[in-house]
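We have chain A already, so just place chain B on it with the hints.
2 protein chains.
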Amino acid sequence: MPVTVIPVIISGGSGTRLWPLSTPDQPKQFHALGGEQTLIQQTALRLADAEGLSVAAPILICNYRHLDIARAQMAQIGCAPAAIVLEPFGRNTAAVAMTAALMAQALDPDALIVLMPSDHRVSDPAAFARAVTTAAAARDHIVLLGVKPTAPETGFGYIEVGAPLTGPVRAVARFVEKPDLAAAQAYMASGRYLWNAGVFLFSPKIMLEEMRRLAPQVAEAAEKALSRAQRSGEAIALDAEAFADCPSISLDYAVMEKTDRAAVAPLDAGWADIGSWSALWSEGTPDDLGNVVNGPVELLDATDCLVWSQGKTVGVIGLNDMIVVQTDDAVLVLPRSRAQDVKLLVERMKAKNDGTKGGGVNE
Amino acid sequence: MPVTVIPVIISGGSGTRLWPLSTPDQPKQFHALGGEQTLIQQTALRLADAEGLSVAAPILICNYRHLDIARAQMAQIGCAPAAIVLEPFGRNTAAVAMTAALMAQALDPDALIVLMPSDHRVSDPAAFARAVTTAAAARDHIVLLGVKPTAPETGFGYIEVGAPLTGPVRAVARFVEKPDLAAAQAYMASGRYLWNAGVFLFSPKIMLEEMRRLAPQVAEAAEKALSRAQRSGEAIALDAEAFADCPSISLDYAVMEKTDRAAVAPLDAGWADIGSWSALWSEGTPDDLGNVVNGPVELLDATDCLVWSQGKTVGVIGLNDMIVVQTDDAVLVLPRSRAQDVKLLVERMKAKNDGTKGGGVNE
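In order, the protein sequence lines correspond to chains A and B.
1211 is the number that our numbering gives to position 158 of the first sequence; each next residue is one higher, with no gaps.
1068 is the number that our numbering gives to position 15 of the second sequence; each next residue is one higher, with no gaps.
The following block holds chain A by itself, in its conformation from the complex (with noise of 0.2 Å):
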């Protein structure tokens, strides 16, 4: 019989980095980032031709606010969740692990959660499934998917693994967050690292054991909230005063690091992590020159640049290793090199203006 997963999809994170397109009220998950489908749609559609599974209805968990464009691209896709848990305000990824464990508890006990950020891209679902299924089988584990590395990211967080458990599965040794460029490099080198894809898979029962008694401050809180929901229809929301006492606290850091349950399974299925503009440049598909293209673009001697546009005309001459942006709300030119520092662009102008004019600015 095939092992029952329930799709978690988590849709946190503001994208600040790819303002002007991310913005508080739309950002990166819901758009398309050069491909047909939104991101948080690839996401929900990702396991929807598993073989060797049985795939649930899936849960997304989003903020209040983006109820409306969640709901309006799930009926796009003909996806139809099973919940979608409205969240007062971010509380981490811990919090919603909690929700996601209480939620499955009561749909199927003997279901195995799939939990992951909407945000990222797999160009090859059928391995990401055959990943998952990997997975399953250390059921009594919370099993991390890892990625190969293939450069020396230092914007990722990295797995060391370690005693092997069940087939390509294996006991996680520890977890490093962000590493500077020559740790990354030693290890990316020696092969026993991988990045943290940020996906989970985990039974409901294991999941609830290990918050209780690792994170019983998240435990508690998340469990009154979801007690406390307002439910209407599929959209269920947390109760705000009872959310606010929950700890801002990631799963890795309340539970993955704390328990002796930790796996890591590898995913070897075009896994991407779309985060910065300089990402979806490395990520896109270069015309002879290097040149990223997206909407009506006109160069005259560029090479090697991302250049956006989301439908004015966007002329460039003469420029190389850049990055252009085109919104509706507003412009971004920078160097390559320099993409990170859209987040630090982006402080300035909330500071400036707390986010009521321009750009639609990133709370």
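Hints are computed from structural coordinates only; laboratory data are not their basis.
If a hint is listed, it holds; no wrong ones were tucked in.
Partial list, derived from the structure: chain B residues whose beta carbon lies under 7 Å from chain A:
1) V1367
2) V1369
3) G1371
4) V1377
5) L1385
6) V1386
7) R1391
8) D1394
9) L1398
10) M1402
Where a beta carbon is used, it is the ideal one built from N, C-alpha and C, also for glycine.
Just chain B now, kept in the frame of chain A:
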């Protein structure tokens, strides 16, 4: 008794190098380019407070499709033109000068015409009026205003000054169109060359004589186009069929290079031809880091840039010597050193889409 002058304002040229601000529907003379008033408004007001001159109501000569915007912009500054002559299409400045002479001959044959491009800036209008008064002393000549070069510009026309005529007015020894850099440097060093500011002072009688003698086809076609013009209020629409027979030739080529009545008077009035985005940077008021900005702009580590927004937020990180322009129609990004190539970009876009799409590509 003061000299009477009739300002004739030429609204020609498409300002292609200022795309996307300058478009066929609203070329650069109808834009403010950073000031309070548009360039054509500044031109219409240039002689308004002139001392020692009797200034008649101006005549505008513009393309027929700019009638509404020209009327609106004149009304905005309380200027009532004596006439707005509408060209069905451009036939260069010889046709304009002939038309102006015919109009002035009918209005006031003793007045002198000040023929002025509508897209230049003059920071000191009083000095401009003094230059006109000086030039008026040589009323049996066609007098150009010449600007002492401050840089070896290769995009301007140069005038080599000849024998003294009256006061500082001198005969023209020869004209040089757009010299190469070495020649421009030599001209500047010699002290014998002035930039051709494109401003002409002449009596209708002399212009009619010289045009009929030296460019009879222009004289005949322009005269016919005006005599058959359709008049409606102050608007005078030249007859298209007759005007089509007019050779498209500049006043410099048709008359000035052939006549022995060419003269030049010095102009030292903060004259600037804002022909390109780099000129707008040069003529702008920079911040401490050399950046000239317009509109809602957020700069992070930018130096010596022009960042021009027509309304939406433009964020810039880590740029040097760059131009970034945002209008309602389009976005343009390029190094300042490539400012002349905007024309090339626009021509390429026009070839592709024939001006039917995108940012109002110039025709």
